[in-house]
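Trainee: Just so you know, the sequences run in chain order A and V. Numbering-wise (our numbering), the first sequence opens with residue 860 and increments by one. Numbering-wise (our numbering), the second sequence opens with residue 34 and increments by one.
Just to be clear, a hint being listed does not mean it is correct.
List of simulated lysine-lysine pairs, DSSO-like, C-alpha gap at most 27 Å [to be verified]: (1) V:Lys149 x A:Lys1045; (2) A:Lys1045 x V:Lys146; (3) V:Lys137 x V:Lys253; (4) A:Lys1045 x V:Lys137.
Restraint-style ranges between C-beta atoms, simulated for each label pair [stated by the list, open to error]: (5) A:Thr983 x V:Glu98: 56 to 62 Å; (6) A:Val874 x V:Gly72: 48 to 54 Å; (7) A:Ile1117 x V:Ile210: 21 to 27 Å; (8) V:Phe94 x A:Leu982: 55 to 61 Å; (9) A:Ile870 x V:Asp226: 51 to 57 Å.
These aren't lab readings, by the way, just hints derived from the structure by calculation. Glycine is no exception: its CB is placed at the ideal position from the N, C-alpha and C atoms.
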Amino acid sequence: MNNYRYFLLGIPAIVWQILFFYIPLIFIVGLSFSGATYSQYFAPFFGATYFSIIARSLILALSNAIVCTLIAYPLAYFLAFRAGRFKYFFLFLVILPFWNNFLLHISAWIFVLDRHGVLNNFLTGVGLIQDPLPILNSPVAVGIMMVYFYLPFMVLPLYATLERFDRRLIEASSDLGATWWQTVTKILLPLSMSGIRSGFFLVFIPSFGEFAIPEFMGGNKTMYVGSLVSHLILGSQTVASGAAFTLISSVVLLVAVIFIYWCLRSKSEGRGSKEWNSKEQSSERIGDV
Amino acid sequence: MRSIKIAGVFKALRGESILEDISLTIPAGKFFALLGPSGCGKTTLLRLIGGFESVDQGQIFLGNEEITHKPINQRKINTVFQNYALFPHLTVFENIAYSQTIRKVDPRIIRQKVVKMLKAVHLEAHIDKTIDQLSGGQQQRVALARAIINEPEVLLLDEPLAALDFKLREKMLLELIELQDKLKTTFVYVTHDQFEALTVADQMAIMNQDGFIEQIGTPKEIYEFPVSSFVASFVGTTNILQGVLRINENNDGKNYIDIPELGLFQVDIPVKKSFLLQGNRDVFMSIRPEKLFITKREAAGFTNGMRGLVESIVYHGRSTQYNVRLANGQLLQVFEQNEEHFPQDVIDYDHEVFLYWQKENAVVLER
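Next comes chain A alone, as it looks inside the complex (with noise of 0.2 Å):
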C-alpha cells in the first residue's frame, strides 16, 4: 500500500538528478547539433585518430576492469573466508587510499615510476636493469595507476557478496565430493556473479572516461576518450565537436555495457530465477550504475 509515499523518499535524488544530470544533457545535445553541416557528427566515423580513441578507451577501460577483477577476486574471498577477526583491519588497508587525495597519488606514482625515480633506481641499485625503464608517460604506467586507483571499487562489492555467501554451500561441495578448486568453479564463482558485475561496471564505466590518469601518467602522446572531449570542449571552435563526440562515445559505452552484462549474467538468471537470494539481489543495486 501507499507505494507514493516511498515515492517521495526518492523525491530529493531526483530533483538533483534532473537538474544537474538530465538538463545538462539536453544541452550537451542541444550543442552537438550547432553549426551548419552537423560534420561533427560524421568525422569519428571517418576519421580514424576518433575510432582509435574510442577504441583505446574501450581496451583500457576493459583491461583494467579485467585486472582489477583477476587481483580483487583473491583478495575478497581472502578477507571474506580466511582473515577471520583481522578482516576489519585488512577492510580499513582497502579504503585507506581514499582518505588521501588523489593529485597527491598521481605524484607518488610519478615519483617512483620516473626515469630516476625509486623504481628504476631500485632495479638498477639491484643490477636487473642497465638503463633506467622508460615507465612513465607510456601506457604502463596509466595501467598501474588505472589498478591502483579503481582496485577498491571492485574488492568492496566482491566482499559484500562473499561475505554473506551461504558457507554451508561450499560445506556442502566437499561433502559431495568436489576439490576447493572444483567448489570455487562450480559453486562459489556462479553465485558471486552479481557482485563480480557490480564491481565490474563501478570499474569499467569510469575508467572508459577516465581523463586525469591518462593525461598525468601517460604523457600528451596517447590520447583517451576523456582527454579528447576536455580538449574539445574547451577549444573555442570545437565545442560541438566536443558534445557530439561526448554522446557517441556514450552510446559506444551503453552498448559495451549491456554486452557486458549479458556476458557476466549468472546461471540462475538465465533459467529465470531470480529471486533465489534477496540479499543477493540487493547487492547487485549497489554496484549497477
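Chain A is fixed; fit chain V onto it per the hints.
Mentor: Showing chain V alone in chain A's frame:
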C-alpha cells in the same frame, strides 16, 4: 555400510572446550540417533565425523580405517544439512547429480541414477524445477537424494526436519526409517527433539549440556531405564522425588526409599545398580506420569500409594494431565488415557486423590 568409532575425541571452538574425551561406537547399518539439548556439542561431533571440523585430540574410525585427518571430499560419508544447503543456481536434477558430475560419471548413468533417487524420495515430477520452486518438504527430499546418490557408508543428518511442520515431520520420519531399512546405510541422526530420536532410532546416545554422553541404548532402554536424572527428565517427561535408600529396613528382604514427609516406598534395585546398596544413600526416584494410576477411591494390588490434591488439569486430547500437590509440597504430573467419552468418576480441581504405582515402574537414580 561401516561403523563409526570415536575414540577419546577432544574439540574446542574459539577457545571454549566443546567435547572432552568422547568415545562412542555407532554400529554399522543401524539408525543411530544422537540426542541432546541445544548447544551441547552434538552438531560439533557430527561435524567432526563429516570432516567439517578438525579433531583436536583423539581418533575417528570408519570401520577399521582411521579417517581422523582424511579430507572431507575423500570420506565415504555424506551429510543432510540443517536447512538443506541446496545449490540455489542448480536445478533439482543438477543438485542431485552434483557428486556424480564432480566425478565425471557418464551422463547417461547419472541420468539413470538421479531418476532412481527421485523415485526413492517421491519427487519424480520435479526433476527440472529450480530449488526456489519447491516447498520445504520437497527441498528436504532433494537434500536427502543428493546425499545418498553416492552410496555413502554413513549418512549424517543434522536436525534435518527442524524446519518442517509437525504432520510433515511425522511423515518424513517414517520415510527415513523406510529408506534406512532399504539402503542399510549407517544413519547418524542428530536432534534435540526426543520424539524424533525415539521414533527413528535403533540405538541412541544421550548427550548432556556439558557434552558428555550419559547413556547409550535402544529407545526403550533409555526411556524405561534411564541411568541418570538428566536422561530421565530429558527423554520424555518424568517426576523426580528425592529420598534416602533404606536397605532391608523391615528385615523383609525389601528395599525402601524414604521420602521426607511422604514416608517409605518400595523400590526395585536391579543387579546393575547394586552399588547403590551400601549404607543409606541419597537417591532420586524417577517415575513417569503415565506409570501412575490416579483414582478418587482407595485401591488394592499396588506396592505403593500416596495421597495428593489435584491442583490443575490439562486436557491433551488422547490423555489428560493432572498436576497433583503432595504432602511435601511437590507437584507430580500424572497422565491418564482418555479411554471413555463419559468417565464415571470425574476427577476435578481440588479433589483429593490417591496415586498408585508398582515398584518395578519407578527407577532409582544416583544423586
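Trainee: If you check each hint against the structure, which ones fail?
Mentor: 3 and 7
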